[in-house]
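Student: Sequence order for the protein chains is A and B.
Position in the first sequence counted from 1, then plus 2, gives you our numbering.
Position in the second sequence counted from 1, then plus 2, gives you our numbering.
When chains are identical, the list treats them as one kind, so a pair holds in a single copy or across two.
No farther apart than 25 Å at their CA atoms in a straight line, the calculated lysine-lysine pairs in the BS3-like style are these: (1) 345 to 374; (2) 368 to 254; (3) 199 to 246; (4) 368 to 251; (5) 190 to 345; (6) 172 to 190.
FYI, nobody ran anything at the bench for these hints, they're computed from the structure.
2 protein chains.
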Amino acid sequence: MCGTKQAAINGHSSSSSHSCIEAKENGVTKKLPSDSVINLDHGDPKMFESYWRRMGDNCAVVITGWQSLSYFSDITSLCWFLEPELAEEVRRLHRLVGNAVTEDRHIVVGTGSTQLFQAALYALSSPDADEPMSVVSAAPYYSSYPTLTEFLRSRLYRWAGDAHGFDGDKPYIELVTSPNNPDGFTRKTVINRRGGKVVYDLAYYWPQYTPITIQADHDLMLFTVSKSTGHAGSRIGWALVKDKEVAKKMTKFIELNTIGVSKDSQVRAAKLLRAVSDSCKQLGSQGSVNFFDNFRRLMINRWECLRNVIRGNDLFTLPEYPKEFCNFAGEFTEAHPAFAWLKFKEEIKDSESFLRAHKILTRSGKHFGVNKTYVRISMLDREENFEILLERLSKISAKQQENGPSLRAS
Amino acid sequence: MCGTKQAAINGHSSSSSHSCIEAKENGVTKKLPSDSVINLDHGDPKMFESYWRRMGDNCAVVITGWQSLSYFSDITSLCWFLEPELAEEVRRLHRLVGNAVTEDRHIVVGTGSTQLFQAALYALSSPDADEPMSVVSAAPYYSSYPTLTEFLRSRLYRWAGDAHGFDGDKPYIELVTSPNNPDGFTRKTVINRRGGKVVYDLAYYWPQYTPITIQADHDLMLFTVSKSTGHAGSRIGWALVKDKEVAKKMTKFIELNTIGVSKDSQVRAAKLLRAVSDSCKQLGSQGSVNFFDNFRRLMINRWECLRNVIRGNDLFTLPEYPKEFCNFAGEFTEAHPAFAWLKFKEEIKDSESFLRAHKILTRSGKHFGVNKTYVRISMLDREENFEILLERLSKISAKQQENGPSLRAS
Numbered sequence: 003m004c005g006t007k008q009a010a011i012n013g014h015s016s017s018s019s020h021s022c023i024e025a026k027e028n029g030v031t032k033k034l035p036s037d038s039v040i041n042l043d044h045g046d047p048k049m050f051e052s053y054w055r056r057m058g059d060n061c062a063v064v065i066t067g068w069q070s071l072s073y074f075s076d077i078t079s080l081c082w083f084l085e086p087e088l089a090e091e092v093r094r095l096h097r098l099v100g101n102a103v104t105e106d107r108h109i110v111v112g113t114g115s116t117q118l119f120q121a122a123l124y125a126l127s128s129p130d131a132d133e134p135m136s137v138v139s140a141a142p143y144y145s146s147y148p149t150l151t152e153f154l155r156s157r158l159y160r161w162a163g164d165a166h167g168f169d170g171d172k173p174y175i176e177l178v179t180s181p182n183n184p185d186g187f188t189r190k191t192v193i194n195r196r197g198g199k200v201v202y203d204l205a206y207y208w209p210q211y212t213p214i215t216i217q218a219d220h221d222l223m224l225f226t227v228s229k230s231t232g233h234a235g236s237r238i239g240w241a242l243v244k245d246k247e248v249a250k251k252m253t254k255f256i257e258l259n260t261i262g263v264s265k266d267s268q269v270r271a272a273k274l275l276r277a278v279s280d281s282c283k284q285l286g287s288q289g290s291v292n293f294f295d296n297f298r299r300l301m302i303n304r305w306e307c308l309r310n311v312i313r314g315n316d317l318f319t320l321p322e323y324p325k326e327f328c329n330f331a332g333e334f335t336e337a338h339p340a341f342a343w344l345k346f347k348e349e350i351k352d353s354e355s356f357l358r359a360h361k362i363l364t365r366s367g368k369h370f371g372v373n374k375t376y377v378r379i380s381m382l383d384r385e386e387n388f389e390i391l392l393e394r395l396s397k398i399s400a401k402q403q404e405n406g407p408s409l410r411a412s
Numbered sequence: 003m004c005g006t007k008q009a010a011i012n013g014h015s016s017s018s019s020h021s022c023i024e025a026k027e028n029g030v031t032k033k034l035p036s037d038s039v040i041n042l043d044h045g046d047p048k049m050f051e052s053y054w055r056r057m058g059d060n061c062a063v064v065i066t067g068w069q070s071l072s073y074f075s076d077i078t079s080l081c082w083f084l085e086p087e088l089a090e091e092v093r094r095l096h097r098l099v100g101n102a103v104t105e106d107r108h109i110v111v112g113t114g115s116t117q118l119f120q121a122a123l124y125a126l127s128s129p130d131a132d133e134p135m136s137v138v139s140a141a142p143y144y145s146s147y148p149t150l151t152e153f154l155r156s157r158l159y160r161w162a163g164d165a166h167g168f169d170g171d172k173p174y175i176e177l178v179t180s181p182n183n184p185d186g187f188t189r190k191t192v193i194n195r196r197g198g199k200v201v202y203d204l205a206y207y208w209p210q211y212t213p214i215t216i217q218a219d220h221d222l223m224l225f226t227v228s229k230s231t232g233h234a235g236s237r238i239g240w241a242l243v244k245d246k247e248v249a250k251k252m253t254k255f256i257e258l259n260t261i262g263v264s265k266d267s268q269v270r271a272a273k274l275l276r277a278v279s280d281s282c283k284q285l286g287s288q289g290s291v292n293f294f295d296n297f298r299r300l301m302i303n304r305w306e307c308l309r310n311v312i313r314g315n316d317l318f319t320l321p322e323y324p325k326e327f328c329n330f331a332g333e334f335t336e337a338h339p340a341f342a343w344l345k346f347k348e349e350i351k352d353s354e355s356f357l358r359a360h361k362i363l364t365r366s367g368k369h370f371g372v373n374k375t376y377v378r379i380s381m382l383d384r385e386e387n388f389e390i391l392l393e394r395l396s397k398i399s400a401k402q403q404e405n406g407p408s409l410r411a412s
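Just chain A, same shape as in the assembly:
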């Protein structure tokens, strides 16, 4: 059974029945009623918990009361609040995975890549410009980009929508998320005009989600532990920045916005990244499992299960990803994204509402600059919730096959 196999990969077993499903919450196993709402709106990476649990105390970090009192981490560094050990582990992991160039790059740490995104807008726009810099991204784009760009009504930059429709001749910032959130495809810039600035959000450019085909070498690249190791609660991201002045301005933004970034979380993130690197080189404790192999297998399995459920119905479809050679895995593989980008047939006018009626919370395509026949569904929740998702989609699918094409949200 699909669910059982996944649970085994994930290192613990779960049983599901019609009356209840077991779920672990804060380490406590609870009975979830099988009719409870599952929230797959956010990309909350709880899938990673069981791996870290198996890794045991070796990955625990101890922070004494007298550590990290100062605002400063390294006053000789351009990014004075960056813990040197985090910088070291970031470079080591990128070298090992081969997903990004770190040589001759400045590392700027942020309170998640969300803060770094805002730091990048600040750094790439100009206070002396006549008008706000246009910020664009090709639809479907990450749903938070418009709000993050607009919420403070800055005169430095403004949201200008889908990059495909951008026809101004003024300076612009293009946001490229690759693999893309929500749809998982590899992305490039679409505007390619001289003087354009580009921010590459590479949060999902890790072997568990997508084949690592090149060592990314862009001017400004964003990463985060939330999607690499799964530690979203730590709020740690980093930028790899080619230009010194841009890195300085990003650092200035974070200085003004939050006077640096939690040292506790930086120290912890360093330890976790080290554990991931060690696991790849089998340097970890006995029984340590290669992090990326583990999660590649898990994602492959989840996607296989999801495609099995979808297969044979014409109510909704999933994107198909090309097979490409992954330099890290050493084999041809397709993407297994962190989100399922589900397209419903046109008669389901509002697929988010449709799924909500089936107690599955997702995010509508309208938030990503496309229409409401699309929804984004997190593939990173705990095993139990993923199984409920499969069960419910399976029921919807079966019902559709019974009832034919006139199915409406019940």
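Starting from the known structure of chain A, arrange chain B on it as the hints suggest.
Tutor: For chain B alone, coordinates are given in the frame of chain A:
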């Protein structure tokens, strides 16, 4: 000797000579050349390190690899990223110290109080207003307020300078820092117009700095561990907010800005606040020293030393603070602020440059909305640096007494 007494209070001894001074940096004792620059520009609270070192492993926090992966802390709470144990310890400590009302208040956690300040501006201004909301504070005001208000060129709010000079009839936000940064005086609003919004920054309203005369009961109050326990590197602050809608908007700001606040640091801050509360109730480990008594004594001693050095010269003066009854200490006491607000006589046109020439980095009055005869000097650095400060001020003072009033920066 002043220095020796302080070092004893601080729990370790230091020796100073003309050739070198011992300084602890990251737990390693280093020889500081006695002519090295001391940086007292920032309020970096390294003074607190030795206390926490003495508290030992009881205050260490252990965070396992599988903790805190989720973005969410408590989805039933208005501030969904606030760790419940931090909320509990915040309420407990305020009750114990008696410095702020927490009953019927919403707690919003932030990445330091700097982020909360920006969240407050966002929450108190209106996106529908015809023009940006004026933000004011009575000079001398915290040097970062103008920049924090202006750096993103928001259309929501704008810096409008000294509250004393504010004569608009439009809505405004008044920032009240009490005790005030830089000068240490207790503050109230100066505008007092109907419809005015007020943000109270109470970062320094703790017994080590000032007598606790009332339980503060304002609509919006900001606190931070940076100045209470001394853990600036953790970047944890909290707001106590009366109005639910304001608390919601502040939470929204932090959601957009950084998708919450480091859980690692919240868990750690909870442990440290608990240790402080326990120390006050003598519930801690054997040998645990009452936190506030310890730092009250230390600050009293530092101020006594500083005033001794200043006494008898007419080059610079310090503010005098009234004696008031401190409900926490149960005695009359004056303020012993985190910063010395030094006023030079008029012929020293630029006192920051003057002190820089004596290898003391400070912050000029011009950043606080007043003239350059003032400087702000941190009183929270490690013992060794504080001793160097005393030594250098003492020399300047002696030289001035020799040379008379014509002294210039050497």
